[in-house]
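Visitor: Full structure from sequences and hints, please.
From first to last, the protein sequence lines stand for chains A and B.
Numbering-wise, the working numbering puts 71 at position 71 of the first sequence, and it's gapless, one number per residue.
Whatever position you read off the second sequence (first residue = 1), add 1000 for the working numbering.
Simulated from the structure, these hints should not be mistaken for lab results.
Being a predicted model, the structure only gives us computed values, none of them experimental.
Backbone N, C-alpha and C define an ideal beta-carbon position, used for all residues, glycine too.
Please note that a few of the clues may not be correct.
As the list claims (entries may be wrong) - Heads up, simulated EDC-like pairs for lysine to aspartate or glutamate below, C-alpha to C-alpha not over 20 Å straight-line:
| hint | chain 1 | residue 1 | chain 2 | residue 2 |
| --- | --- | --- | --- | --- |
| 1 | A | Lys162 | B | Glu1214 |
| 2 | B | Lys1154 | A | Asp288 |
| 3 | B | Lys1041 | A | Glu49 |
| 4 | B | Lys1122 | A | Glu127 |
| 5 | B | Lys1154 | A | Asp281 |
| 6 | B | Lys1027 | A | Glu194 |
| 7 | A | Lys108 | A | Glu127 |
| 8 | A | Lys79 | A | Asp281 |
| 9 | B | Lys1165 | A | Asp50 |
| 10 | B | Lys1154 | B | Asp1117 |
| 11 | B | Lys1122 | A | Glu200 |
| 12 | B | Lys1054 | A | Glu44 |
| 13 | B | Lys1122 | A | Glu49 |
| 14 | A | Lys300 | B | Glu1214 |
| 15 | B | Lys1122 | A | Asp233 |
| 16 | B | Lys1165 | A | Glu195 |
| 17 | B | Lys1027 | A | Glu57 |
| 18 | B | Lys1041 | A | Glu44 |
| 19 | A | Lys104 | A | Asp233 |
| 20 | B | Lys1041 | A | Asp50 |
| 21 | A | Lys60 | B | Glu1024 |
| 22 | B | Lys1027 | A | Asp75 |
To be verified - Reference listing, derived: stretches of chain B covered by chain A, where coverage requires no fewer than 3 residues with Cβ under 8 Å from a Cβ of chain A:
| hint | segment |
| --- | --- |
| 23 | 1045-1057 |
| 24 | 1069-1079 |
| 25 | 1082-1093 |
| 26 | 1098-1110 |
| 27 | 1119-1130 |
| 28 | 1210-1218 |
| 29 | 1221-1230 |
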Amino acid sequence: MSIKINESPYEERVQQGIENDFMRLAVSSAQGRFRSRKRIQETELGNWEDWRQLGAEIRKHTVENLDYYLQQLSDQVSKRGGHVFFAATAEEANDYIQNVIRKKEAKKVVKTKSMVTEEIGLNRALESLGAEVVESDLGEWILQLDEDPPSHIVVPALHKNKEQIRETFAEKRGYTGSDIPEELADFARSQLREEFLTAEVGITGCNFAIAESGTITLVTNEGNAEMATTLPDTLITVMGMERIVPTWEEMEVLVSLLTRSAVGQKLTSYITSYTGARLDDEIDGPDDYHLVIVDNGRSKILGTEFQAALHCIRCAACINACPVYRHVGGHAYNSIYPGPIGAVLTPLLDGYENHKELPYASSLCGACTEACPVKIPLHEMLIRHRQIIVEKEKQAPMVEKMAMKGFAKWSSSPAVYKLSTKMARLALNPWTKDDIIGNGPGPLKDWTNSRNFPAPSKQSFRSWYKEREKSGEE
Amino acid sequence: MTIQNREAFLDGLAANLGRPRRTEGVKRPIWSVTPQLEVLKGQTQDELIEALEKQCQAIHTVFKRTDKAGLEQVLEDTIQAYKGQSIIAPNDQRNDVYGLTNLFKKLEQSTEIHIWDHTKEKENQVFAERADLGITFSDITLAESATVTLFHNKHHGRTISLLPKAYIAIIPKETIVPRMTQAAQQIHEAIVKGEDVASYISFISGPSNSADIEMNLIVGVHGPISATYIVVD
Ligand code: SF4
Chain A
1 MSIKINESPY EERVQQGIEN DFMRLAVSSA QGRFRSRKRI QETELGNWED WRQLGAEIRK
61 HTVENLDYYL QQLSDQVSKR GGHVFFAATA EEANDYIQNV IRKKEAKKVV KTKSMVTEEI
121 GLNRALESLG AEVVESDLGE WILQLDEDPP SHIVVPALHK NKEQIRETFA EKRGYTGSDI
181 PEELADFARS QLREEFLTAE VGITGCNFAI AESGTITLVT NEGNAEMATT LPDTLITVMG
241 MERIVPTWEE MEVLVSLLTR SAVGQKLTSY ITSYTGARLD DEIDGPDDYH LVIVDNGRSK
301 ILGTEFQAAL HCIRCAACIN ACPVYRHVGG HAYNSIYPGP IGAVLTPLLD GYENHKELPY
361 ASSLCGACTE ACPVKIPLHE MLIRHRQIIV EKEKQAPMVE KMAMKGFAKW SSSPAVYKLS
421 TKMARLALNP WTKDDIIGNG PGPLKDWTNS RNFPAPSKQS FRSWYKEREK SGEE
Chain B
1001 MTIQNREAFL DGLAANLGRP RRTEGVKRPI WSVTPQLEVL KGQTQDELIE ALEKQCQAIH
1061 TVFKRTDKAG LEQVLEDTIQ AYKGQSIIAP NDQRNDVYGL TNLFKKLEQS TEIHIWDHTK
1121 EKENQVFAER ADLGITFSDI TLAESATVTL FHNKHHGRTI SLLPKAYIAI IPKETIVPRM
1181 TQAAQQIHEA IVKGEDVASY ISFISGPSNS ADIEMNLIVG VHGPISATYI VVD
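Guide: Shown next, in the form of C-alpha cells:
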C-alpha cells in the first residue's frame, strides 16, 4: 500500500534523518517558526481554548453523523451537475479516475497538493495510462522533479535548501538563474503557467466539503488551486470521506482553526469554495465535474476508541510540536502522514504489521495533544496502540525490544538525547520511583497500570538500552 | 448526474457507527461556545476599516481610502503605479455607479481595456492571461483578515483576479464586516432560503505567496504578484 514511502527498515531511516544536518536544522527552525506564529495568533484571539472546544464539537458531531452528511453532500453535488463516486478502496478510486482520464483522452493532468491522492497512489495510476501528472504546489513540484517524497505536510520540500533546488531546476528544466528564492519562484511560475493552460484535467484534494451546498473548500497561498479549478475543462476532487462539515458556518470556523494552526495566518491568501460544474454562460471552470469520496480503511476506525483520529483537519500543529519529529525528520516515519498524527493514523489505515515502531516514536510528553486545534487525544491514542501491539504479539518483550531499539538509535546523538530525555524526564519525574515508573498519571496511567515502564535513564536511552541488554533483562 | 456506490458505502458507515442509517432529521447541535462572534464585535464601520488597514501590512497589500468623488483619481494613480497597459474587469453594474466606466473610456486611448463578455468565450481568458491588471469590486470584505470576497458568475470570470500580474480590489465601505463568520452566515442563510450558491466564491487576502523554499516568504507565485485595496466611503 502506498501509504508507505519505502522499504528500508525504520532504524535506518531514523539514522538517515539524524545524520542529515540540513534537514535537522530546517525541521527544527520550521517547527519553531510555525509554533511561534501559531502562538501569536492564539494570544491575539484571547479565547483560543473556546475555539478549540468549538472545533472539537463540530468535528465530533460531523463524524458521528457521517452517513447523513455524505448523503446530503452527494445529493447537492449531483444537483449541481457533478458526478459522485464512493470508493471503498484505493483501487476503486484509482479505477474510476483512470476511466475519466481515458474517456477524455487526457494527456496532461495538473494537481494540487493532496494527502489523500498520495495515500491512494494516484499519480502512479495515472502515469500508467501514459498521462503526464504535474504537481502544481511549488514544494510538491520541486519534489516531483527530483522524485523525492515529502517530509512535512505543510512544507513538503522542507528538507531541501535553495542551492539544491537551483540544481534541480537547472538539471531538469534548463534553469540558468541564481538561487535567490524569488527568482526560483518566478521560474516555477512561468513553467507552471504553461502547464495550467495546457492541462485537460485538474485534480484537487479537499480541505472541507460543505454538505448543505455540495461545495468543496480549498485553503492555499500560492493560487495554484485556483488555477487547477479554473482552467481545465474537467475537474476531479478526491476527498477522504471524513473531510466534511454540515454548513458554511462550520467550514468558516474550521478554516480559521486550520490557517492559524498550520501557518499562523488569520486566513491564507486564497480560500476557494467551488460547487459542481460551471453554470450556463460561465467561461471559467470545468464543464465536467467529479467528486470521488474515499474510504480506504477510514471506516474501520469509526465506532472504535480511535474514532476521534478522524477529526483531524491536517494542520500539522502536532508535527510542529513534536520533539521526536524534530530530530528524526518526516522521512523516518515512512508514511505520508508523519509526526504524532501519522503515528496514530498509519497503523489504523495500514495495519500494525508494518508500522509497529511508530507508536514508540513519541516521548509521550503530550505536546501534540495540547497543540491540536480540535483536541484529539493523540498521545493517549499512542499509548493505546502500544498496549494493543503488546497484547496482540503476546511475546511482548520481543516487540518492545525491537521498538525500543529504534527508539534507542533515535536518541543516539548527544544533542538529541539531551532534549528528548530531558523532556521525558520532565514529564515523568514526579512519579518515578527507583527509576521504574509505577502509577503514572494521565497519559501514562494505562500503560503503567499494565506493566512497569522503565524510566528514561539519567544518561541516555542508548546506554540504558545497552545496560538492559547486558544484564539480560527482558 | 450520477451517484455511484452510495448506498452500500453509507450503510457500512452506519453499521460501523453501531446504529441504523440516518437519512434525515439530523440537526446541528447548539455549540457550547461561539468565540467566532466575539472578534471585532460591536465595532463601528470606521473601526473595522482601521483593523483592515492594519492587516493589509501583514499581507503585503497596499491600502488606500477615498470617497466616491475621489475614486477615479485614486484608481488612475494606482493603475499608473502598476504601469498597467492592459486591464480586465467584470461586467459589473457598479462599474457605472462608481465611475469606472468613465475612467476606462478616458484610458482607452493609451490602454487596452477588456470588460468580461461571456459571448466572447475563451477570448476572455486569453486576455486575462496577458493582462497587467485585474480590477474587481469586493462583495463582502472581512476586516480581521483583510479579505475580499468575490461571488463569480457569467459576468465575472474567475480569471480576472487570478491571471493578471497585479490585482486591485475596490471595497465599498458598506461591504465591510468583522470577519469570515458574517460572510459564512450570509451564504448559509441564502442557502436555507433555497437560493443556489455561486459556482465559485473566492476569499482573497492579498497577493499569492509561498514559503516553500527554505521557509522564506516569497510574494507572487501563481496568482497576482502584488495587490492594492481601495476602500470607498
Ligand atoms: S491531529 Fe490535530 S494537530 Fe495533528 S494534524 Fe490533525 S488536527 Fe492538526
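Visitor: If any of the earlier hints don't hold here, list their numbers in rising order.
Guide: Going through the list in order, the structure violates hints 4, 6, 9, 13, 14, 23, 24, 25, 26 and respects the others.
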